[in-house]
Amino acid sequence: MASFNRHRGPTEGDYVETPEGLLFAVKGVHHPEGLTIAYLRYIPDPKGARERGGRRYRRVYDLEETDRFLSDNHPRYVNLIEDRGLALQSIPPDRIARIYLPRRRLQELLAAPKPGLEQTVARFASALFQNGVPLESLGVSGSVLIGLATLSSDVDMVAYGFDAGRKVYEALDHLTQSTDWMNPYDAETVEAVTRSRWGDTGLDLEGLGAIEARKVLHGLVDGTDYFVRLVREPDEYEKEVSSRPLGKVRLRATVKDDRFSIYTPCTYTIDDCSYIGPCGWPEPSELVSLRGKFTEQVGEGERVEVKGTLEEVDYADRTVHRVMLGGRGDYLVPMSLLDR
Numbered sequence: 001m002a003s004f005n006r007h008r009g010p011t012e013g014d015y016v017e018t019p020e021g022l023l024f025a026v027k028g029v030h031h032p033e034g035l036t037i038a039y040l041r042y043i044p045d046p047k048g049a050r051e052r053g054g055r056r057y058r059r060v061y062d063l064e065e066t067d068r069f070l071s072d073n074h075p076r077y078v079n080l081i082e083d084r085g086l087a088l089q090s091i092p093p094d095r096i097a098r099i100y101l102p103r104r105r106l107q108e109l110l111a112a113p114k115p116g117l118e119q120t121v122a123r124f125a126s127a128l129f130q131n132g133v134p135l136e137s138l139g140v141s142g143s144v145l146i147g148l149a150t151l152s153s154d155v156d157m158v159a160y161g162f163d164a165g166r167k168v169y170e171a172l173d174h175l176t177q178s179t180d181w182m183n184p185y186d187a188e189t190v191e192a193v194t195r196s197r198w199g200d201t202g203l204d205l206e207g208l209g210a211i212e213a214r215k216v217l218h219g220l221v222d223g224t225d226y227f228v229r230l231v232r233e234p235d236e237y238e239k240e241v242s243s244r245p246l247g248k249v250r251l252r253a254t255v256k257d258d259r260f261s262i263y264t265p266c267t268y269t270i271d272d273c274s275y276i277g278p279c280g281w282p283e284p285s286e287l288v289s290l291r292g293k294f295t296e297q298v299g300e301g302e303r304v305e306v307k308g309t310l311e312e313v314d315y316a317d318r319t320v321h322r323v324m325l326g327g328r329g330d331y332l333v334p335m336s337l338l339d340r
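Taking our numbering, the leading residue of the sequence shown gets 1, the next gets one more, and so forth.
Source of the hints: derived by calculation from the structure; they are not laboratory data. Hints may be right or wrong, so weigh each one.
[Stated by the list, open to error] Computed Cβ-Cβ distance ranges for the label pairs, DEER-style:
no., residue 1, residue 2, range
1, Ala-192, Gln-107, 37 to 47 Å
2, Thr-179, Glu-136, 38 to 48 Å
3, Ser-336, Gly-277, 40 to 50 Å
[To be verified] Under the rule of at most 30 Å between Cα atoms (straight-line distance), these lysine-lysine pairs were calculated in the BS3-like manner:
no., residue 1, residue 2
4, Lys-307, Lys-256
5, Lys-167, Lys-215
6, Lys-256, Lys-239
7, Lys-239, Lys-307
8, Lys-248, Lys-307
9, Lys-215, Lys-248
10, Lys-256, Lys-215
11, Lys-114, Lys-167
12, Lys-167, Lys-239
13, Lys-256, Lys-167
14, Lys-47, Lys-114
15, Lys-248, Lys-167
All values derive from a computational prediction rather than experimental measurement. We put the beta carbon where it would ideally sit given N, CA and C, even for glycine.
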């Protein structure tokens with residue numbers, strides 16, 4: 001078991017590799033003492049479609065699938081986090097064979113980008129720099145970071161720090177409106193993204209597609225899909241002492257503050273909550289997610305409907321309740337979408 005304690009170590013956007021060659025994407029900026037929370041993304045597989053250094057890999061993404069795989073084959077990478085009340089995919093420090101750092105990889109790439117995807121990444125980063133973003137705040141993650149990119153891979157960028165994140169957001173908004181090589185999604189190009197993100201909710205995908213197409217943090221660069229994560233530094237978050245899940249809930253609420261909705265993890269402050277169906281749970285004050293699909297999802301002043309997991313969270317001076325979004329079928333949508 002592990003107790004919750006903030007430390008500077010692997011952070012959102014990094015990848016870690018185990019001695020078995022398993023590749024995990026690090027999630028969040030705070031981790032339990034003695035563990036790094038990370039989700040399995042690539043498995044060594046002789047029949048895998050990706051290759052690096054003579055070894056083939058298979059990409060995996062579904063959380064339930066990877067939970068089963070690890071529980072059956074590598075149970076040391078699923079650990080009970082006592083102060084969260086959850087068993088999560090996580091890596092002990094003595095099982096981290098290598099850490100892949102997005103900022104370091106981007107600097108290497110900018111020095112000598114290879115034709116194709118790396119040149120696109122270099123152009124993307126240079127455009128952000130020319131629009132006021134400090135280059136040292138940027139990194140490249142995903143398959144480019146770990147050397148497993150293919151012709152169909154996307155551009156997965158990371159920006160670190162609250163202020164840098166705001167500058168990136170403003171630069172992206174400008175570039176997608178003023179250039180012919182960086183574009184927002186349209187009704188056609190957003191379809192695959194919408195199905196991937198929201199296909200398990202049973203909600204109106206056309207309406208959700210319209211929301212996705214308005215988002216700034218993803219789109220197309222030179223015809224290639226891109227996604228940008230804005231990650232605040234660990235000292236820009238309030239430290240949690242512990243958290244524990246109470247149960248699945250559905251509710252309606254009004255978004256009071258969305259200033260952190262563009263970051264990963266994203267946060268929305270809410271009020272005027274009402275549960276759907278009989279429920280004796282306390283009223284939550286915020287919505288939180290580690291999943292990129294919940295960024296930019298709703299705005300301040302909107303009435304929204306939410307499905308997620310209610311959690312009780314202890315800080316040094318108070319206890320609050322929040323809804324954690326990210327499980328299968330979870331959603332956050334404006335009521336205007338449901339009223340269509």
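For the pair we were handed, Lys-256 and Lys-239, check the Cα-Cα distance against 30 Å.
-> 22 Å, holds
Kindly confirm whether 38 to 48 Å is satisfied by the beta carbon distance between Thr-179 and Glu-136.
-> 24 Å, violated
Please work out if Lys-47 and Lys-114 have their alpha carbons no farther apart than 30 Å.
-> Given pair Lys-47, Lys-114 holds - Cα atoms ~26 Å apart, limit 30 Å.
Beta-carbon spacing of Ala-192 to Gln-107 - inside the hinted bounds 37 to 47 Å or not = Violated - the Cβ-Cβ distance for Ala-192 and Gln-107, about 32 Å, lies outside 37 to 47 Å.
Below or equal to 30 Å on CA atoms is what counts here, so check Lys-256 against Lys-167.
-> 23 Å, holds
Hint consistency between Lys-167 and Lys-239 [alpha-carbon to alpha-carbon, up to 30 Å] | 25 Å, holds
Given the proposed pairing of Lys-248 with Lys-307, does the C-alpha separation stay at or below 30 Å?
-> 7 Å, holds
Take a quick look at whether Lys-256 and Lys-215 sit within 30 Å of each other, Cα to Cα.
-> Holds, because 20 Å separates the two Cα atoms, which is no more than 30 Å.
Hey, Lys-248 versus Lys-167, does the alpha-carbon distance stay inside 30 Å?
-> Given pair Lys-248, Lys-167 is violated - Cα atoms ~36 Å apart, limit 30 Å.
Given pair status - Lys-248, Lys-215, alpha carbons within 30 Å | 27 Å, holds
Taking 30 Å as the top limit, are the C-alpha atoms of Lys-307 and Lys-256 close enough?
-> The hint holds at about 18 Å.
Proposed proximity, Lys-307 with Lys-239 (alpha carbon, max 30 Å) | 25 Å, holds
When each numbered hint is compared with the structure, violations occur for hints 1, 2, 3 and 15.
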